[in-house]
Amino acid sequence: MITSLPKLLGATVVTLKLLSLSLFFGLFIGLLFAILRLNKNKIINKFAYGYSYVFRGTPLLVQIFIIYFGLGQIEYFRSTFLWVIFKEPYWCAIIAFALNTGAYTSEILRSAFQTIKPGLIEAGKSLGISNKIIFYKIQIPVAIRQSLPAYGNEIILMMKGTSLASTVTLMDLTGVAKYIISTTFKPIEVFIVAGSIYLFMTFIIHNLIKFLEKKYSFN
Amino acid sequence: MMNIFKKTILTVLVSFLLIGSAYAGKIKIGTEGAYPPWNSKDASGKLIGFEVELAWTLCRYIGSQCEIVEQDWDGMIPALIMRKFDAIMAGMSITAERQKAISFSQGYADEVASLAVMKGSSLEGMETSEGINLGKKSGAVKKDLKTLTAALAGKTVCVQTATIHQNFLESGDVGKVNVRTYKTQDEVNLDLAAGRCDAALAAAVAFSDYAEKSGKPVVLVGPTFSGGAFGNGVGVGIRKDDTELLNAFNKAIDKARKNGDISRIAIKWFGFDASM
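Just so you know, the sequences run in chain order C and F. The numbering used here numbers the first residue of the first sequence as 1 and each following residue consecutively. The numbering used here numbers the first residue of the second sequence as 1 and each following residue consecutively.
The set of hints was computed from the structure by calculation and includes no laboratory data. Heads up, some of the hints might be wrong.
To be verified - Example chain C residues on the side facing chain F (calculated, C-beta under 10 Å, incomplete): (1) Tyr68; (2) Phe69; (3) Phe81; (4) Trp83; (5) Glu88; (6) Lys137; (7) Gly152; (8) Ser166; (9) Thr183; (10) Thr184.
Every residue gets a Cβ at the ideal spot worked out from N, C-alpha and C, and that includes glycine.
Given only the sequences and the hints, what does the whole structure look like? Please build it.
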């Protein structure tokens, strides 16, 4: 149990890298699609809705498999320059995770934008502030603050979701745990250690979000 | 109230009885069902293959009822230890490492391992002997390992996880190769064909089976491997404290060998006699 700890901690670094890169790209994707969702143009709106519908409506495991094993089967795809990226399991996992968390983030941000009280925007307008500045300096910061609790949940869900990276040959925390089990045949002990590490990461993320919520509270 | 109490106790007692006799009258055999032609599934989901047919034959000789259950490869030995089934027949080679955790019956078949690449690979045409036995470190074996080390340097070699093939690549016998592990042999084959793997290592028959069914130009290269990390044949895995069942399987294998059953079933599934 103790002997497996250094190896598992090393793998935790891989998990954290996958998580942070996915969240980084996912946040951009989410913000972009949240803005598209608020667009009055029906086609743009439907497109953004379709994206979030598909990625929230299918299992993450299926998405990873389609991106990793599925695209790899298409001979034409393998001859394009994109194959340089998609050949690597690492990037396939990050692309799948980012697209998935991006879909959820876009919904979280969209609902946050929609709950901003009209009075807030009107107050800005009455002071003669331009629409652009109202959007960047009032709407976006307020929306981000509003969505903190929900986004904190999303980070935790995504952190657990990274365990699926092990299904496409990556040696993340779950992957290494499985590897140790395959040589020691002791699943309970190793999974308890791995599970505790996940729990500890959840604890940190949870408290970080709580701190941010307090810091940026409206009162 | 009393009635419920009695019922509960009775239920608990009955379930203890059931657990206590894991195979009273019925032997549960675990297999992967994803390693053709050793064991796999047909289109309807029915388990088929060399070991499935052999398992039924052995059960007949033991004179017991049997049930064959599916289990993912990477959880095979833990599942046996946790009594999800009583015996493993899943192309599992008898190795010293596994014998620390479970017992094995005598071997019933030989598994010959080989590297495979896609046609046109730079690894094609590697000059080695036809087969090497890693149990004997003779000059010829050392020379072949040297050739392999040079050829595989910096290459990505794909294997199924927790296999003798992974152990061999990580043993250092062929230097430092980039080992990539997969849950099933199917996934190894897919990524070999997709070009994500420079080579793959598994039972030679697993590759020929894939090449035949998929029509993909998969070719075997280098020597075939046996002995050492590759173990001493494939046997039935059984819990260490289960000597009764171990003896029963050993006797049944003796009988099946004598009557030519193992050879017959091997030729049917492999195309050659892999019995031992």
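#### Entry: Numbered hints the structure breaks, given as an ascending list
Violated hints: 3, 6 and 7; rest satisfied.
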